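Using the sequences and the hints, build the whole thing.
Residue strings, one per chain:
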Amino acid sequence: MNSDFVTVTLPASHSYLQFITEAFIQLIKSKVLLRDRESGFKYISDSKILIHELYTNAINHSGSDSVTFNFSFEDSYIDIQMITHGPGFIVKPVDLKNKANKTQYLPPYPKKIHGTEFMVHSDMDYEVACRVKDEKSLEFVKRKRAPEKDYEIPEHFGLLIITNLCSDVSFVSNQDGRNIFSLKRTTLT
Amino acid sequence: MNFKIHKENGIQIIKILNSKATAVISSEFRESVKELLDKEQPKLLLVDFSVVDYIDSSFIGSMVGLYKETKQINGELRVFGLHPMVESVFESTRLYNIFKIFKDKSEALAAG
Numbered sequence: 001m002n003s004d005f006v007t008v009t010l011p012a013s014h015s016y017l018q019f020i021t022e023a024f025i026q027l028i029k030s031k032v033l034l035r036d037r038e039s040g041f042k043y044i045s046d047s048k049i050l051i052h053e054l055y056t057n058a059i060n061h062s063g064s065d066s067v068t069f070n071f072s073f074e075d076s077y078i079d080i081q082m083i084t085h086g087p088g089f090i091v092k093p094v095d096l097k098n099k100a101n102k103t104q105y106l107p108p109y110p111k112k113i114h115g116t117e118f119m120v121h122s123d124m125d126y127e128v129a130c131r132v133k134d135e136k137s138l139e140f141v142k143r144k145r146a147p148e149k150d151y152e153i154p155e156h157f158g159l160l161i162i163t164n165l166c167s168d169v170s171f172v173s174n175q176d177g178r179n180i181f182s183l184k185r186t187t188l189t
Numbered sequence: 001m002n003f004k005i006h007k008e009n010g011i012q013i014i015k016i017l018n019s020k021a022t023a024v025i026s027s028e029f030r031e032s033v034k035e036l037l038d039k040e041q042p043k044l045l046l047v048d049f050s051v052v053d054y055i056d057s058s059f060i061g062s063m064v065g066l067y068k069e070t071k072q073i074n075g076e077l078r079v080f081g082l083h084p085m086v087e088s089v090f091e092s093t094r095l096y097n098i099f100k101i102f103k104d105k106s107e108a109l110a111a112g
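Sequence lines, in order, name chains F and V.
Per this note's numbering, the very first residue in the first sequence carries number 1; after that it's consecutive.
Per this note's numbering, the very first residue in the second sequence carries number 1; after that it's consecutive.
Some hints here could point you the wrong way.
Said to hold, decoys possible - If you only want the chain V side, here are some residues facing chain F, beta carbon under 8 Å, derived:
1) ALA23
2) VAL24
3) ILE60
4) GLY61
5) SER92
6) THR93
As the list claims (entries may be wrong) - Below 30 Å or equal to it, Euclidean Cα-Cα: the simulated DSSO-like pairs (lysine-lysine) are:
7) V/LYS4 - F/LYS184
8) F/LYS42 - V/LYS100
9) V/LYS103 - V/LYS43
10) F/LYS112 - F/LYS48
11) F/LYS48 - V/LYS103
12) F/LYS92 - F/LYS29
13) F/LYS142 - V/LYS68
14) V/LYS43 - F/LYS102
15) V/LYS71 - F/LYS144
16) F/LYS48 - V/LYS43
17) F/LYS92 - V/LYS43
18) F/LYS111 - F/LYS142
19) V/LYS4 - F/LYS48
20) V/LYS103 - V/LYS4
21) V/LYS43 - F/LYS29
22) F/LYS92 - V/LYS68
Derived by calculation from the structure, the hints in this document are not laboratory data.
Predicted, not measured: the structure shown is a model, and the values here were computed from it.
Even glycine gets a Cβ: it sits at the ideal position worked out from N, Cα and C.
Right, dumping it as structure tokens:
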């Protein structure tokens, strides 16, 4: 497979959801070697879910009028960037012991929280943590939940789905006003 | 109309009529079920997914909200008729641990 770069910019509107989903699937069909019918079906179905979650997250939460997707098809993965304009990713600590705590942070993230991990999803088995790297960037990690840790009935399923299907999930808020969500989707079906 | 709410042998059933259970219909779903729970306070509530072939995280969030509200009135929530894609999302979001899932309506009704 050749390295290939495709960029698509579209309004942030549910009416373009089918368009971007179909465009992404057509790109996958032409660029990714799907091993067999069964795994190919699952890969395409999961990819539809992925693009849907990314785009609807941007529509519902970014405050941006437009969404740009950059797809770079590499040998064993697709590098995906989703670019929006807006205030950036809100970090909200999940404080199970103090539910009245409504603290939230927007970029530039204050120095006191650099290196801090915030839980964005927690269920019986897994948690998705968001680590504040510096004043403009975050990284998301899905991992097994330690059995002694508290959890509650989960929320934020979009990020759980995204981190299930991709690796290297990160967010950067640039000074030029662009917010870039980056992730890698393996093509080894 | 995206949902049909009806009673069958005294049991409330919500049938999702739109094949795409997504953010577009999730607020309507939340409003419909809230009204049902406030009015009827059902002890058993079935959600029929048999025509749904696509679900997103927004609708999943609404289902979890419905689960919490049903629990608050000591009710029970059962879902049935999951398409393979919907089943795969339920699996990847670990909802198998929360919801009682059945193959079809007769199984959901027959469960103790």
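Hint-by-hint comparison with the structure:
1. ALA23: holds (5 Å)
2. VAL24: holds (6 Å)
3. ILE60: Nearest chain F Cβ about 5 Å off; hint holds.
4. GLY61: holds (6 Å)
5. SER92: holds (5 Å)
6. THR93: At 5 Å from the nearest chain F Cβ, V/THR93 passes the 8 Å test, so the hint holds.
7. V/LYS4 - F/LYS184: Violated. V/LYS4 to F/LYS184 sits at ~40 Å, over the 30 Å cutoff.
8. F/LYS42 - V/LYS100: Roughly 24 Å between the alpha carbons, so the hint for F/LYS42 and V/LYS100 holds.
9. V/LYS103 - V/LYS43: holds (21 Å)
10. F/LYS112 - F/LYS48: violated (38 Å)
11. F/LYS48 - V/LYS103: holds (24 Å)
12. F/LYS92 - F/LYS29: Between F/LYS92 and F/LYS29 the Cα gap is close to 38 Å, so the pair fails against 30 Å, i.e. violated.
13. F/LYS142 - V/LYS68: holds (24 Å)
14. V/LYS43 - F/LYS102: Violated, at roughly 33 Å.
15. V/LYS71 - F/LYS144: holds (27 Å)
16. F/LYS48 - V/LYS43: Since the Cα atoms of F/LYS48 and V/LYS43 sit roughly 36 Å apart, the hinted pair is violated (cutoff 30 Å).
17. F/LYS92 - V/LYS43: violated (35 Å)
18. F/LYS111 - F/LYS142: holds (24 Å)
19. V/LYS4 - F/LYS48: holds (27 Å)
20. V/LYS103 - V/LYS4: Measuring from Cα to Cα gives roughly 20 Å; hence the hint holds.
21. V/LYS43 - F/LYS29: With a Cα-Cα distance of about 47 Å, the restraint between V/LYS43 and F/LYS29 is violated, given a limit of 30 Å.
22. F/LYS92 - V/LYS68: Given that 30 Å is the threshold and the Cα spacing comes to 21 Å, the pair holds.
Checked against the numbered hints given earlier, this structure breaks hints 7, 10, 12, 14, 16, 17 and 21; the rest are met.
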